[in-house]
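A.B. asks: Knowing the structure of chain A, use the given hints to seat chain B on it.
Each chain, letter by letter, is given below.
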Amino acid sequence: MADTMQFDLVSPERSLVSVPVREVRLPGTDGDMTAMPGHAATIVTLRPGLVTVVDAQGNATEFAVTGGFAEINGESVSLLAERGHPRAEITQEVYNEMMREARRAHQTAETRRESLGDEVVAAAAKLLGDMEALGTHIGLDPNQATFPD
Amino acid sequence: MPSLKDLKNRIGSVKNTRKITKAMQMVAAAKLRRAQEAAEAARPYAERMAVVMAGLTAATAGSESAPRLLAGTGADQRHLLVVLTSERGLAGGFNSSIVKLARSHAEALLAQGKEVAIVTVGKKAREQLRRDMGKRFVHHVDMSEVKRVGYENAREIAQGILDRFDAGDFDVATLFYSRFESVISQVPTARQIIPAVIEGEATEVSSLYDYEPGEEAILSELLPRSITTQVFAALLENAASEQGARMTAMDNATRNAGDMIDRLTTVYNRSRQAAITKELIEIISGAEAL
Chain A
0 MADTMQFDLV SPERSLVSVP VREVRLPGTD GDMTAMPGHA ATIVTLRPGL VTVVDAQGNA
60 TEFAVTGGFA EINGESVSLL AERGHPRAEI TQEVYNEMMR EARRAHQTAE TRRESLGDEV
120 VAAAAKLLGD MEALGTHIGL DPNQATFPD
Chain B
0 MPSLKDLKNR IGSVKNTRKI TKAMQMVAAA KLRRAQEAAE AARPYAERMA VVMAGLTAAT
60 AGSESAPRLL AGTGADQRHL LVVLTSERGL AGGFNSSIVK LARSHAEALL AQGKEVAIVT
120 VGKKAREQLR RDMGKRFVHH VDMSEVKRVG YENAREIAQG ILDRFDAGDF DVATLFYSRF
180 ESVISQVPTA RQIIPAVIEG EATEVSSLYD YEPGEEAILS ELLPRSITTQ VFAALLENAA
240 SEQGARMTAM DNATRNAGDM IDRLTTVYNR SRQAAITKEL IEIISGAEAL
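Sequence lines, in order, name chains A and B. For what it's worth, numbering that gives the first Met the number 0 labels the leading residue of the first sequence as 0, then goes sequentially. For what it's worth, numbering that gives the first Met the number 0 labels the leading residue of the second sequence as 0, then goes sequentially.
Keep in mind the hints are simulated off the structure, nothing from the lab. Do not take every clue at face value.
[Said to hold, decoys possible] These stretches of chain B come out as covered by chain A in the derived footprint (C-beta under 8 Å, 3 or more residues):
id	segment
1	35-43
2	208-216
3	220-232
Virtual Cβ for every residue (Gly too), placed ideally from N, Cα, C.
Next up, chain A with everything else stripped away, as it sits in the complex (with noise of 0.2 Å):
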């Protein structure tokens, strides 16, 4: 069995990683996975937070995600995020606009309730919470984004 497997982060406007790597950890919605090569051929969808990609050497490079999927087989995992950016690109200003973005989903969920259910808003919430908790997690303050009004 070969020790790396490709990786690719495509957004839609581009692609933006595409390295062989050891080991890759996911967000996963129902929880955190790890895909190693050789992993059972698995669609997966992601909540918002840090992807880490191990290359060869057992280098970690991490990746926050605004959430997406992952298609994973035995030779390759192909992430598709709206967006994705290198952690270390990941600025308080950065963060605040994937906030704001959050909290305007959150927000349009609960104003129209009664036409989309309650488990869209449930959903949005949930969303909101994981881009919290990414936040805190990388060092940023959620409570910085404000609106602008």
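C.D. replies: Frame of chain A, contents of chain B only:
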């Protein structure tokens, strides 16, 4: 017979026109390359999305609880046409061919007694459809501030469509845009996005994968994204098509202007020669008469 001065002015003005069309052609060529690169860069995401969607749909096919975005509302009465065009003209038949396709589609639906609502993206669709379809406009997305089409734009448009669907405003949504085939060929295309039409072979893919959470949970999360991706792809194709069409149109215009300059110059030279000859004849016959 126009005077020499008129001809000279005319030649000057056509030369100016040629300069402008030549410049527009070169700008379009540069923008086309960028638009094509953007379309190229967006392809991996769209392709993977399509594969996964195909697998998911196959896995949930026939299920009672399939999401409405996929299964539809069960009716086929109210249609939403989303017409994507550019903000600027001077791109040959680019905008009119999209609008023509959308209009014939709308007329066919109306003839069948269906209801039609129209969302326009870009100024040109709005202008061209206003006269006969103006009553059916429900929304317009202004793209004049957008320099470069981004995923955000697609998300905004898709969200608008999804909100309308959730509110129960329509049963079927169709996108109208121009598919970029080559610089000289752009094909106006209609693409149904709701209920989702999934293309491609799915059977082998679906059985291969485990889904976490279940197929349906993933499907209902991914369907809106898939629609956004399709809108995004259509916007990118449109952007490339627009520049391609403009480039071809301006290339033709430049060539026509060149031909016209040649013709006018010939006429000008002839008239000048005729004037000289006439003067000479006058002088000689005057001298002979003495």
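A.B. asks: Run every hint past the structure and note whether it holds.
C.D. replies: Right, here's what the structure says about each hint:
| no. | hint | in the structure |
| --- | --- | --- |
| 1 | 35-43 | holds (count 4) |
| 2 | 208-216 | holds (count 6) |
| 3 | 220-232 | holds (count 6) |
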